[in-house]
Amino acid sequence: MPRNPRLEAHHFEALGTNCSLFGVGISRDRLLEGELWVRRLGARLTRFSPDSELSRLNAAGGRWVAVSAETEELLRLSLRAFETSGGLVNVAVLPSMLAIGYTRTLSSGATPATLGRARRLPPLPSVLTVRRGGARLEPGSGIDLGGIAKGWMADRLRERLGLNALANLGGDLSAGGPGPAGDGWPVGLAGVTVMLHDHGAATSSVLRRRWAALHHVINPRTGLPAATGLDEVSVVARSGFDAEVIAKTALLVGPDVARSYCASNALAWRLEPTRGWEAA
Amino acid sequence: MKAWVLKGGATLLTLATTAASALYVTSHLKNSSAPLQPTVLTSAQLNAVTLTPGVQQSDVTPVTSTYAS
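Those protein sequence lines, which keep their order, are chains A and B.
Here the first sequence is numbered in our numbering, starting from -1 and rising by one per residue.
Here the second sequence is numbered in our numbering, starting from 43 and rising by one per residue.
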C-alpha cells in the first residue's frame, strides 16, 4: 500500500476496551478531540458509574428521567434494533447481566452468579418509553447498551472526524471516505483484509468477556448466556450500528439461519461455529 | 357395452398406471440437476469469509480490524 504521510492515527483506551482513530488530511488535535468526545459520551452511557445518565435511568423506578440528545437517539435506535432483530437485540438485559455476575467491569472480576434470578427478557417497547429529552423505564427493568453504543458512537465519531476517517471502538468500527490510498480503508476481518468505503464492521462473540462457563451474550428467550452453535460472527454493513445489530442477531439465531440472514442483511460476513458443531 | 368390459378396462388401466408410476419413481430416485437443493453446510464452509460485490478483498496490510472485545 502506498504510504500516505497525511494519515494520522491515535490509539487510546476507553469504554473498557482499545480504541483507534484514523484520519486522512486532518490534524492530530482533531483525533484528540475525538478521544475526549468518546470519554465524555462513554461516561454518560456506562452502567458502571452511578452518576451516568444510563444509571440514573436504570435507578429511576419508573419515573421520567431527562436525557441528553445523544442518549435519546441511542435509546430510540435501541427500540428500532429490537424490532429489526425480531426481539433478539434487546438492551433490557441488565437484570440478566447482574444474575450472571457481570455486576462490575470485568477487570475487577465477576461476582458470584445467581442464575436462578435470570428471566426471559421483556419486550423492550413494553418497558422503555422515549420522548423528546426524556426516557422512562418500567420498575424492575434495566438497560445495558453494550456493543450497540460502541457501534453507534463509532458512526457519530467518524462523521465528526471528517470525510475521510475511520473510528474503531473496541472492534466496532465505522469507515468513511476513500481511505489512505484512495481505494478504501483496509480493515481486517477474520484474517482477511477488506476495503471499506462508507461501511461499518462489528464482531459479536461468546469467546470474550467470558468467565467460568458464562459469557455476556444473553439469549433473550432464557435470560441466560446463549449457546446457539456459533461462537463468533463478524459482519460488514452500511454502518457500525447496523453491523453490530446484524452480528449479534446472527450469533443468536445460530448457524442454520445465520448464513441466509447475513446474506440478506450484511455486505460481508464470517461465522465461526462452536467446536464440534455440524449442520443437521 | 357390457358392464364387465368397463370394469375390466378400468382395472387394467389402474394397474398399468400404478406399474408405470412405480417403474418411473424407482428409476428416478434422485435428480442430481434438480434446482433449489439445500446445501449441507460444514464448519469449514461457515468459517470462510463471504463477500458481496459491495466489498472488495485486498492483500494490503489492514490499518485496523474488527474483533470481539
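Be aware that a few hints might be false.
What the hints assert, rightly or not - Some chain B residues judged to face chain A by a derived CB distance under 10 Å, without partners named: (1) Thr59; (2) Thr60; (3) Ser63; (4) Val67; (5) Val91; (6) Pro95; (7) Val102.
These are calculated hints, taken from the structure and not from any lab test.
We put the CB at the ideal spot given by N, CA and C, even for glycine.
Hints and how they fare:
no.: 1; hint: Thr59; verdict: violated, 37 Å
no.: 2; hint: Thr60; verdict: violated, 35 Å
no.: 3; hint: Ser63; verdict: violated, 31 Å
no.: 4; hint: Val67; verdict: violated, 26 Å
no.: 5; hint: Val91; verdict: holds, 4 Å
no.: 6; hint: Pro95; verdict: holds, 9 Å
no.: 7; hint: Val102; verdict: holds, 4 Å
Consistency with the previously given hints fails for numbers 1, 2, 3, 4, ordered from lowest to highest.
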